[in-house]
Amino acid sequence: MADGKVVKRAKYKPTVKGYGIPGVLKLTKERFIFMPNDPTSTAKLNVEFKLIKGHKFSKEGSSKQALLNLTQDQGGYIFEFDSFPDRDQCRDFVASAIAAYMEVGKAASEKPVVLHDEQLNATEMGRRIKLLQENSELQKLHMQLVIGGILSEAEFWAARKKLLEQSENKKPKQLVALKNDMWSVKPLSDGQTNRVTFNLTPEVIHQIFAEKPAVRQAYLNFVPGKMSEKEFWTKYSRAEYLHSTKNIVAAAAEAAEDEELAVFLKQDDMLASEARKKIRRVDPTLDMEADEGDDYMHLPDHGLPQGETKEFLEPQYEPFKRSFSQYLNQHTAVVLRGRVIDVELGDTRSVAEAFTRANQAELATEVSDENAYRERINKVSRVAEIEDLQGPRDLPVALLSIKDPRDYFDSQQANAIKALGDVDTGIRQLKFSVTKEDAFCSLKDSISEINSQGLIEPIINPEVALKVFNGLSQNISSTKYHLGKNPHESVLDQLPSATKNELLLHWTSIQELLKHFWSSYPITTKYLYTKVTRLKDAMSQIYTKLQEIKESVQSDIRHQVSLLVQPMLQALDAAFAHYDADVQKRSAKSGERPNGFV
Amino acid sequence: MTPVSSKLYADDVSLLMVLIDTNPYFWSSTKNTAFTFSKFLSHVLSFLNSILLLNQMNQVVVIATGYNSCNYVFDSSTSSMQRAECLLEKLEDFVDKDESLSQENSVDGFGFSLLSGSLSMALCYIQRVFRSGPLHPQPRILCLHGSPDGPRQYVAVMNSIFSAQRSMVPIDSCVIGSQHSAFLQQASYITGGVYLKPQVSDGLFQYLSTVFATDLHSRGFLQLPRPVGVDFRASCFCHKNTIDMGYICSVCLSIFCKHHKKCSTCGSNFGEARKQEPSASDQRRKTPDLNR
Chain A
1 MADGKVVKRA KYKPTVKGYG IPGVLKLTKE RFIFMPNDPT STAKLNVEFK
51 LIKGHKFSKE GSSKQALLNL TQDQGGYIFE FDSFPDRDQC RDFVASAIAA
101 YMEVGKAASE KPVVLHDEQL NATEMGRRIK LLQENSELQK LHMQLVIGGI
151 LSEAEFWAAR KKLLEQSENK KPKQLVALKN DMWSVKPLSD GQTNRVTFNL
201 TPEVIHQIFA EKPAVRQAYL NFVPGKMSEK EFWTKYSRAE YLHSTKNIVA
251 AAAEAAEDEE LAVFLKQDDM LASEARKKIR RVDPTLDMEA DEGDDYMHLP
301 DHGLPQGETK EFLEPQYEPF KRSFSQYLNQ HTAVVLRGRV IDVELGDTRS
351 VAEAFTRANQ AELATEVSDE NAYRERINKV SRVAEIEDLQ GPRDLPVALL
401 SIKDPRDYFD SQQANAIKAL GDVDTGIRQL KFSVTKEDAF CSLKDSISEI
451 NSQGLIEPII NPEVALKVFN GLSQNISSTK YHLGKNPHES VLDQLPSATK
501 NELLLHWTSI QELLKHFWSS YPITTKYLYT KVTRLKDAMS QIYTKLQEIK
551 ESVQSDIRHQ VSLLVQPMLQ ALDAAFAHYD ADVQKRSAKS GERPNGFV
Chain B
1 MTPVSSKLYA DDVSLLMVLI DTNPYFWSST KNTAFTFSKF LSHVLSFLNS
51 ILLLNQMNQV VVIATGYNSC NYVFDSSTSS MQRAECLLEK LEDFVDKDES
101 LSQENSVDGF GFSLLSGSLS MALCYIQRVF RSGPLHPQPR ILCLHGSPDG
151 PRQYVAVMNS IFSAQRSMVP IDSCVIGSQH SAFLQQASYI TGGVYLKPQV
201 SDGLFQYLST VFATDLHSRG FLQLPRPVGV DFRASCFCHK NTIDMGYICS
251 VCLSIFCKHH KKCSTCGSNF GEARKQEPSA SDQRRKTPDL NR
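Residue numbers (the UniProt record's numbering), protein chains in the order written: chain A, 1 to 598; chain B, 1 to 292.
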């Protein structure tokens, strides 16, 4: 321990109950290393102490194991020692090592925080990088604040959770749909022999499994126990062939002979039960009677070639009948559902199993949904309300629209114009003063004047009208092409582009910093305290930079720049004043509350 | 004219509420310029006539925005054929009444006309039309305003603007004074109306008929003038000054230019937070804490 190193025999236990992997535990000041006795074992450990949050140990007792648990944020590392003295020695060493890191952590509190933030998964990181690439303004801000060490990565993104979520929602993963192609086995007959060939590809098998659960079930039952894969598909193809010949009597005869073949030839029981379930889920208020007019079912198959024969069938052949409309419905249902499984198509068995799993999951959710029935009842009562007696559900809503922050500059410009106008009219206002009688008299005179003389003829002379038209169309065309902004009238655009960009950048970073600054109050933890200090330093840097900009610009635009900069400086001043007041209060109170209250 | 009987309103039938500024102090200031009140009236009357000619179902209501009061001076659905005479007669009566209500003998500057009052009257009229039946003309408000913004009316005007926004009534504004009006800029911006300050005051009729005569349906196809910038600043509730930065009551969102002990609108106490005794900490939790 004196040389800053402890080596002990111990067992690493990935789980509490497990037996444990025997090996050697080596502790140094920075890290602990576990080497299992079996060199092929994968249970090697090499962990830094700064990731360890604390340690727990079992009580000393004759029947108990000597355990030491080094806890992390999630989970931990459990070691079992041969004896308690060994364990205690390690425990004391670990305690001092962790304490040392805590000290370091306190001294430079931002560092460990940053380290934890780095433990992000790759997708999260990718999303952030993508956002930064798409938004150059955000990238600049990120460069300045995060890389500059003013804000940590997590703090920066915590304020932008919405943005991240949005970007994720925007791009749903596109799934490749099933082919909307009614697969029917087209027998290829060579015309000379009696051989008939069927072509089955993995894609086709996938489709068969999706559309015919009975075939899938049969495959899982028979292959490879009862028959080989090839035999299975041969049998299936034979069944299909019998169907395509439309000889139901022959099919029934074959089925009587071959039990397995019968599975394919009979109607699909699983499908039937599924259909029944689906019918139960149909909205009970749906009026089936009303749809009777849409029923084409009694028109036999719309003259489509495949399907029911018109001849009379004896009841024992009934199960072998197959309706084309059933097949069509099943096919469309499968295509609309899309790919429910995500398995490589090559392996037939795994495809079949995946389908079964997906189906079971569906069933499980249905069964567990005990409330479904009640929900239906509720729905009935809700829909059964008499609509005429209900008030309108959707009141007209005027949407709240959040403005582009750049409007702020436009408004500043409007103020500037207004200020100019005020100077002008202000002088006139001072000179202007009339008595009540004079004012009202002149107004009444005007009214009686028009009453006696009638309207002016002509109301407007052509030259003035032309002037108005020219002015209006000029105004409209200039605003149209500059998205509501006249380039020569905005104060911001009159500035040199370097100054303009600098101002905009400072403005966005001030917004960001102030947001973090004010959200840190009231300061309850040491962490917030250091954060506020950091933010304040960054803001005072920007403050001086703003002052420099103000002084560096040419005299003719200096006034306008200072108009723009003034509100930013005021906002910063308010923040500084709050910071100073808080620091004073803090120092005054520190005597009263020495115990952990920062 | 009885348009209500035959409720056959198409989407291009308008109900135009025109608010005309009759502030005598403002109009006295223009007496020596080319643009007098009689000229203004003659442009407006011609405009109203052309609106009524555009569609025989169109309806026009004129509200006078006076110095001490406001009133309806014309309603095309009730008046007889002598429109202009009827309007002028009522306007004269209104000015007489407005004068009798006046307290002070002279006013420095222009004084302010009661924009908030006439906006509210227009909205009330529109509400009545809305409730008259499922079919009604498309209402819009046109403010012909010259007086400067009255800071004391800030809250009332903003409330009118928001209720117009809620009932989806656009407020168009045509500023005939020498200064831009921040109230009307905001009103038009928020309600989706058109704000315009004519450069050539002699051509008022041309501006009115070009920009403000189109019904709401046709506006979807037209390129109308848009303001370059809107003054979004608010006025404080205590001194009615326009401010860039201020204090906001965390309970009722009232705006103040200075720190107050108590909100004048909702009566919440603003705690001076940390300076109190520790025993007051429970009490402090309940009181809204301003950014201080």
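Treat the hints loosely; a few may be bogus.
[Stated by the list, open to error] In silico DSS-like links for lysine-lysine, alpha-carbon gap of 30 Å or less:
| # | chain 1 | residue 1 | chain 2 | residue 2 |
| --- | --- | --- | --- | --- |
| 1 | B | K197 | A | K444 |
| 2 | A | K436 | B | K262 |
| 3 | B | K31 | A | K585 |
| 4 | B | K258 | A | K550 |
| 5 | A | K515 | B | K197 |
| 6 | B | K97 | A | K515 |
| 7 | A | K140 | A | K585 |
| 8 | A | K436 | B | K31 |
| 9 | A | K515 | B | K262 |
| 10 | A | K585 | B | K197 |
Rather than coming from a laboratory, the hints here were simulated on the basis of the structure. Computed from a predicted model, the values in this text were never measured in an experiment.
Outcome of the hint check:
Between B/K197 and A/K444 the CA atoms are separated by roughly 26 Å; this keeps the pair inside 30 Å, and the hint holds. A distance of roughly 39 Å separates the Cα atoms of A/K436 and B/K262; the hinted pair therefore is violated under the 30 Å criterion. For the given pair, B/K31 sits about 62 Å from A/K585 by alpha-carbon distance, which is inconsistent with the 30 Å threshold. Proximity of B/K258 to A/K550 is assessed by CA-CA distance (about 28 Å); at most 30 Å being required, the pair is judged to hold.
Proximity of A/K515 to B/K197 is assessed by CA-CA distance (about 38 Å); at most 30 Å being required, the pair is judged violated. Among the hinted pairs, B/K97 with A/K515 is inconsistent with the structure: their alpha-carbon atoms are about 54 Å apart, more than 30 Å. Proposed proximity of A/K140 and A/K585 is contradicted: the alpha carbons are some 36 Å apart, above 30 Å. At most 30 Å may separate the alpha-carbon atoms for a hinted pair to count; A/K436 and B/K31 meet this at roughly 15 Å.
Among the hinted pairs, A/K515 with B/K262 is consistent with the structure: their alpha-carbon atoms are about 26 Å apart, no more than 30 Å. Annotation: proposed proximity of A/K585 to B/K197 is violated, straight-line Cα distance about 53 Å (limit 30 Å).
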